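A.B. asks: Chain by chain, the residues:
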Amino acid sequence: AQSVAQPEDQVNVAEGNPLTVKCTYSVSGNPYLFWYVQYPNRGLQFLLKYITGDNLVKGSYGFEAEFNKSQTSFHLKKPSALVSDSALYFCAVRDPNSGNTPLVFGKGTRLSVIA
Amino acid sequence: EAQVTQNPRYLITVTGKKLTVTCSQNMNHEYMSWYRQDPGLGLRQIYYSMNVEVTDKGDVPEGYKVSRKEKRNFPLILESPSPNQTSLYFCASSPRTVPGELFFGEGSRLTVL
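Line by line, the protein sequences give chains A and B.
Just so we're aligned, residue 1 is where the first sequence starts under this note's numbering, counting upward by one.
Just so we're aligned, residue 116 is where the second sequence starts under this note's numbering, counting upward by one.
Hints are supplied without guarantee of correctness; some may be wrong.
Within a straight-line C-alpha distance of at most 27 Å, the following computed DSSO-like cross-link-like pairs (lysine-lysine) qualify [stated by the list, open to error]:
(1) B:Lys132 <-> B:Lys180
(2) B:Lys180 <-> B:Lys133
(3) A:Lys69 <-> A:Lys22
(4) B:Lys172 <-> A:Lys107
(5) A:Lys107 <-> A:Lys49
(6) B:Lys172 <-> B:Lys132
(7) B:Lys180 <-> A:Lys107
(8) A:Lys69 <-> A:Lys58
(9) B:Lys172 <-> A:Lys49
(10) A:Lys77 <-> A:Lys107
(11) B:Lys133 <-> B:Lys172
(12) A:Lys49 <-> B:Lys186
What follows is a list of derived Cβ distance ranges for each label pair [stated by the list, open to error]:
(13) B:Gly155 <-> A:Asn17: 23 to 29 Å
(14) A:Tyr39 <-> B:Asn143: 45 to 51 Å
(15) B:Val129 <-> A:Pro79: 21 to 27 Å
(16) B:Pro198 <-> A:Asp9: 22 to 28 Å
(17) A:Arg42 <-> B:Thr128: 19 to 25 Å
(18) A:Val83 <-> B:Glu221: 37 to 43 Å
(19) A:Ser84 <-> B:Gly155: 21 to 27 Å
(20) A:Ala115 <-> B:Arg211: 41 to 47 Å
(21) A:Thr52 <-> B:Asn188: 31 to 37 Å
Simulated coverage check for chain B against chain A, where a stretch passes if three residues somewhere in it have a Cβ under 8 Å from a Cβ of chain A [as the list claims (entries may be wrong)]:
(22) 147–157
(23) 216–224
These aren't lab readings, by the way, just hints derived from the structure by calculation.
Quick caveat: nothing in here was measured; it's all calculated off a predicted structure.
Ideal Cβ positions, reconstructed from N, Cα and C, are used throughout, including at glycine.
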């Protein structure tokens, strides 16, 4: 069975500093990995995905994520945080070899960027 | 504009009164899904549909029904709502060619008294 863990409920970072939101996963084969962001009172928005290829994936709003197969991780990063990045972030995983198994989401990490 | 539209956005109802939350997408996506979001539990999938007339249970289907008679619409039906179904509900869709890259609606906040 596939699963994903976001070990931090909350991450606080000062504006201008680099940020990292952690995600680890468990699937039997090679995963499809995703990051989504949810701003207050809004639906989730797709940020980026890893399907295959380069381990460093770039996405929207200056975010990037690094796929690390040996550590089964897919941490979300940004070199310089903005106050407007404050939101709830979800990591998600899908095993492409498991038929119609849908996307499994982590519980979310709330990012707070302080001015 | 490409979008997923849910209605109603907010609803307060009473136990046992049937309700339907509609979901419509204008992107011709094959895949549609319903999630509920609860504090500390993240998003949990209720039902999903790979295409017209094809629906499957997700992780928490009890107390819900869905139908997929048309490609664009995927309503969520609560036949007899109970207070434990008080939650924030999201509909999402994606093209079959890009599984997992979901487009979400704005959410429907449901309160069952």
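A.B. asks: Output the numbers, in ascending order, of every earlier hint that fails for this structure.
C.D. replies: 14, 15, 18
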